[in-house]
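One line per chain: the protein sequences are B and P, in this order. Position in the first sequence (from 1) plus 121 gives the number in the working numbering. Position in the second sequence (from 1) plus 121 gives the number in the working numbering.
Calculated from the structure, these hints are not laboratory results. Errors might be hidden in some of the hints.
For identical chains, the list gives no copy identity; a pair is met inside one copy or between any two copies.
Pairs of lysine to aspartate or glutamate, DMTMM-like flavour, derived with a Cα cap of 20 angstroms [claimed, not checked]:
#1 Lys439 with Glu703
#2 Lys127 with Asp537
#3 Lys166 with Glu200
#4 Lys707 with Asp270
#5 Lys177 with Glu145
#6 Lys254 with Glu712
#7 Lys304 with Asp272
#8 Lys266 with Glu372
#9 Lys695 with Asp272
#10 Lys376 with Asp357
#11 Lys702 with Asp272
#12 Lys179 with Asp335
#13 Lys439 with Asp274
#14 Lys191 with Asp204
Given next are the chains, with one letter for each unit.
Protein chains: 2
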Amino acid sequence: MKYKIKMLPINVDIEVEPEKNLLESLTESGIIIRSTCAGKGTCGKCKIIIKEGKYKTKETNLISDEERKKNVVLACQTEPIEDLVIYIPIHYGQIFAPAEKIDKSPVRPEESIFSFSPLIRKIFLKLEEPSLKNNTADWERIKYKLDMDVDIDINIIRNLSSFLRNSGWQVTLTIADIGGRNKIIKVEPGDTTKTNFGIALDIGTTTVVIYLVDMNTGKIINAKASYNKQISFGDDVITRIIYAEEQNGLENLNKAIIDTVNNLIMSVVNEESISVTDIYAIQCAGNTTMTHLFYNIPPDNIRKEPYVPVVNSCPDIKSSELGINIYSDGVISCVPGVASYVGGDIVAGVLACGMDNFSTVSLLIDLGTNGEIVLGNRDWLLCCACSAGPAFEGVGIKCGIHAVEGAIQRIEISEDRTEVKYYTIGNTLPRGICGSGLLDIPAELLKHNIIDRSGKFIEGSSKLVRRNDDKELEFVIVKKENSATGEDIVITESDILNLIRSKGAVFLGIQVLLEQVGLKFDNINHIYISGGFGTFIDIEKAIIVGLLPDLPHDKFSFIGNSSITGAKMCLLSKEARNKVKEIAKKMTYIELSITSNFMNEYTSTLFLPHTNIDLFPSVKKILNTKS
Amino acid sequence: MKYKIKMLPINVDIEVEPEKNLLESLTESGIIIRSTCAGKGTCGKCKIIIKEGKYKTKETNLISDEERKKNVVLACQTEPIEDLVIYIPIHYGQIFAPAEKIDKSPVRPEESIFSFSPLIRKIFLKLEEPSLKNNTADWERIKYKLDMDVDIDINIIRNLSSFLRNSGWQVTLTIADIGGRNKIIKVEPGDTTKTNFGIALDIGTTTVVIYLVDMNTGKIINAKASYNKQISFGDDVITRIIYAEEQNGLENLNKAIIDTVNNLIMSVVNEESISVTDIYAIQCAGNTTMTHLFYNIPPDNIRKEPYVPVVNSCPDIKSSELGINIYSDGVISCVPGVASYVGGDIVAGVLACGMDNFSTVSLLIDLGTNGEIVLGNRDWLLCCACSAGPAFEGVGIKCGIHAVEGAIQRIEISEDRTEVKYYTIGNTLPRGICGSGLLDIPAELLKHNIIDRSGKFIEGSSKLVRRNDDKELEFVIVKKENSATGEDIVITESDILNLIRSKGAVFLGIQVLLEQVGLKFDNINHIYISGGFGTFIDIEKAIIVGLLPDLPHDKFSFIGNSSITGAKMCLLSKEARNKVKEIAKKMTYIELSITSNFMNEYTSTLFLPHTNIDLFPSVKKILNTKS
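For reference, chain B alone in the conformation it holds in the complex:
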């Protein structure tokens, strides 16, 4: 016998075995609630709320009396004794679920959840056969029955007459919401309403993700991610823009991303045994450069002062205009962006977290190849972009790798500084260090006085510090005999300085936005962290290195890939599609380089956690305790 657990707000049902604790059961189902004590009941991080149903849970002083009244429990200490409805509060736990497994609901407050009004609808019509008493035209007969304002392509009209007569006047219309207007893009005989699919697409500089969505239910039925094939033309957007200016450069980059998307589509289509022609829409989101390259628009002015994109809000177009392999008259829609370095992915993120609805001030930090930051509330939104560089994605780091199996995410250094314990993604042999490891390692090194606050190694602090062939100091994390690559896995001084520059850029962005509106860190009610990398980072370590402001940990939420979450919301709701336009309009872009005192302030961030340690009282305390 199994129990059914309904998880809110992500709205996913799973079946669990009675004797297993909820943390285990959720993990097995692919729903990862962060816990740092491996389910021992000591870290107190896996808090969830039982909304309905009976359960047994072990007593713990990690739950306050007030929390207990609300049925807050530690997932690792709780077993169901009947079907449950549980709520995973993002402010408590740090939920991460692979895209394939969940229908990730937005973090928006309930009152702003949007109604179901998808980009594509199929409608089955039984038409009255014409007679002398009702001999209106074929097309007007359809329109009358539909009773809505709707456009149609002349090519469909040209085939309508034989089509209606051959199908016995029973047809299915596929209606797309193109630029806010209903348009019939397909007429099929009989009732084909069941086969109606759409795609949410996140075009990242490094990674491209698609959700295959059943447009009738809004459910994600498959999901895939892959590297953006453009990687072979450069790691970051600037390199790609420069390449785009070469002969055939733009064409090659466009072809690379179109290929990437088409391959992902083929892959989900094959797995689900559906036809590509049953996919009628793609709702995408991406940064401004990626959007330009996807639509085959020259991006060159994005990198040249004054950094002007050609377009923030792309018109909806036909899939055939881009060579995307779905139904040829399918619609490609894109979440609008704000500026050259704040694209539709960030606008989608604002939509997903709902910060534009709150009266209190929230901060959204998207940590991808670049870092983008949004500060604001329902009245105003400021945003900026930080040249964080791709360090958080493992790029430009000696042993850096993307967040794949075998990537080191976390280390623990023994008190005598002689041994290192490491934790890899998938618990496999270590292959390198990914972004979260790159935050964790310097924090550990600092805590153990192996590096100083400027990021430099303290010689003689540990026998694991050595000088390499390039005469550079480095710290050995994994010896070659234990690594999957047969090479030592190390972190060098330049790696750490690289990381400091990246975290400094992000932190400065947060500071500048706050200064623009005269606010302090304390005025931030909540911080949403999005981006693939963001999902894995440890708040404590991120504060220690000075990436994130020193605020209570329950003020942070990880919202995963909010770009695709936002895109999916737009795919499914006209209100969401209208909302992203509003959000993009409302967002004021702050060009960091022209704010006063920029260079001075930037230099101040190039310390761990910051030149002004008083900005980080909790870190000050740790460092004082340790020293």
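Please build the complex by placing chain P on the supplied structure of chain B, with the hints as guidance.
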């Protein structure tokens, strides 16, 4: 020295010589006011009103005292003695002006004349150059400056960046109203607002007419008419529909009309020395079959019971989709139709005459290859189509020709029935009989007792009646020695029966519409007659043969080619474009063949003027007087 004469309501200025009477001056300028006494001052038909300015006019008892108070004069008896403003009341005179000469204003009441909001606008923009303080995207920069909701094609976006920079940020946008939405269809460097042309197009079964319109002023700057090249595939719509069902039939018909239109365009473009790419829109109107063939839509169900067209309201499309030789992204828009035999030409006619605005009941009769009738007022509109056949266009008549030079329009038979005086278009040698002559001749024959009321010749009534080689009775109008063709010009008994069937069909249509709403002829406040043929007919004769109801002559107006007038109104005003949609929706189509007692009533119309002569009291009087 010349005087300036402003003519209302057609709003045309001409210059005239002082010593010439106004009838002569107007005729020389191409404005033809019907007069049957050749300017002798005896027919009293050329009445006009002098609104402003001094003139001298001869006394005549053809002007009543009441008329005199309103400054009504006979044009042929009046000379200007300074600049004048004259009003040509369509209810009095029968105005005919070649399309080239006049900017024909609609007959709509003044309060319903539409504002100028053309299908195409050009807007010149001086954009602020981007800076770090204002580095919004290129496209959004344009949108912000425009301050309107506007769409754009992705292809224009793709070229926008270099375009704006190369043009020094000064560009002209061409904005089309496509399906009610603004869309930028062209971006040009500098200020090109002056070159902005559109075309109003009337696609007739027989004749195709275009107006080249300056979209900045709304003025017609050139106009051309030609035969519809489809004529080689059949004279009437049914023949063409049958041909369309053959292999390549539809393609050939489509090509023929597209060629016809392209030739007309080339012709006006060459005369005006403009470029075809400066023409951005075509607003067309035509009957339902012509519209289908123009848009390359199979028309076959139009001719098959229950007579269902594929579409009444065609979507706006790009000119390149039809192969029309104007700017390739130019827009083709079409006045919507109502049913298989009541097309956009008739809806345009209702718009042009404004009958949908009056509280009183009006009748619109369009006499072309077919006859269409609309009855109604501002609350309701009924319409029907009569299978009048192309007799009124001279087709199927032994000596019938189209209304070209040398066509006999009118005859006078001497009291002793031995001689015939005839009047031809252009006063040239007679070549045949056109539609107006076909009404006039039977009326004269009836008045002189040469035919009886069933249309049969009374043997021995005139020496001009003879039996031809086919043993059929015919009446000789012109002997071969006097004709341009070297052949006798005659009217045969079958010609007359043909004509009777045509006029009967139209009259029955009027009767049926009236019956539907329980009205009598007397309830009709005004009758508008449109169509090329309609312009030339003599009301008196049309009543004698029973084509038109027996009402006072001042209840009739000729409104010329109201299809192209309506199309031009739509080209120039969004209100008009919305209005035609409303009109088409409001018009209830009555299928004549399913109304009760149809055949009986039809048979009753096959008499001159009608089996029930009491429906025609004035004709009864004439016939009684004569006999």
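Hint check:
Taking the shortest alpha-carbon separations for Lys439 and Glu703, neither the intra-copy value of 24 angstroms nor the inter-copy value of 31 angstroms comes in at or below 20 angstroms. Taking CA atoms no more than 20 angstroms apart as the test, Lys127 paired with Asp537 passes in neither setting, with 46 angstroms inside one copy and 106 angstroms between copies. In this assembly of identical chains, the alpha carbons of Lys166 and Glu200 lie at most 20 angstroms apart only when taken from the same copy (17 angstroms versus 104 angstroms across copies). For the homomeric pair Lys707 and Asp270, the shortest alpha-carbon distance between copies (17 angstroms) is at most 20 angstroms, but the shortest distance inside one copy (30 angstroms) is not.
For a Cα distance limit of 20 angstroms, the shortest separation of Lys177 from Glu145 inside one copy, 15 angstroms, qualifies, whereas the shortest one across copies, 109 angstroms, does not. When the C-alpha separation of Lys254 and Glu712 is checked against a cutoff of 20 angstroms, the pair qualifies only between copies, where the shortest distance is 8 angstroms, while the shortest distance within a copy is 67 angstroms. For the homomeric pair Lys304 and Asp272, the shortest alpha-carbon distances inside one copy (4 angstroms) and between copies (15 angstroms) are both at most 20 angstroms. In this assembly of identical chains, the alpha carbons of Lys266 and Glu372 never lie at most 20 angstroms apart, being 45 angstroms within a copy and 31 angstroms across copies at closest.
Taking CA atoms no more than 20 angstroms apart as the test, Lys695 paired with Asp272 passes in both settings, with 17 angstroms inside one copy and 18 angstroms between copies. In the homo-oligomer, the alpha carbons of Lys376 and Asp357 lie at most 20 angstroms apart inside one protomer (17 angstroms), although the nearest pairing across protomers, at 53 angstroms, exceeds that limit. Taking the closest pair of Cα atoms, Lys702 and Asp272 come within 20 angstroms of each other only across two copies (14 angstroms); inside a single copy the shortest separation is 23 angstroms, beyond that limit. Proximity of Lys179 and Asp335 under a CA criterion of 20 angstroms is satisfied in neither setting, with 41 angstroms inside one chain copy and 85 angstroms between copies.
In this assembly of identical chains, the alpha carbons of Lys439 and Asp274 lie at most 20 angstroms apart whether taken from the same copy (12 angstroms) or from different copies (11 angstroms). Only within a single protomer do Lys191 and Asp204 lie at most 20 angstroms apart by alpha-carbon distance; the minimum there is 18 angstroms, versus 94 angstroms between protomers.
Going through the hint list in order, the structure does not satisfy hints 1, 2, 8 and 12.
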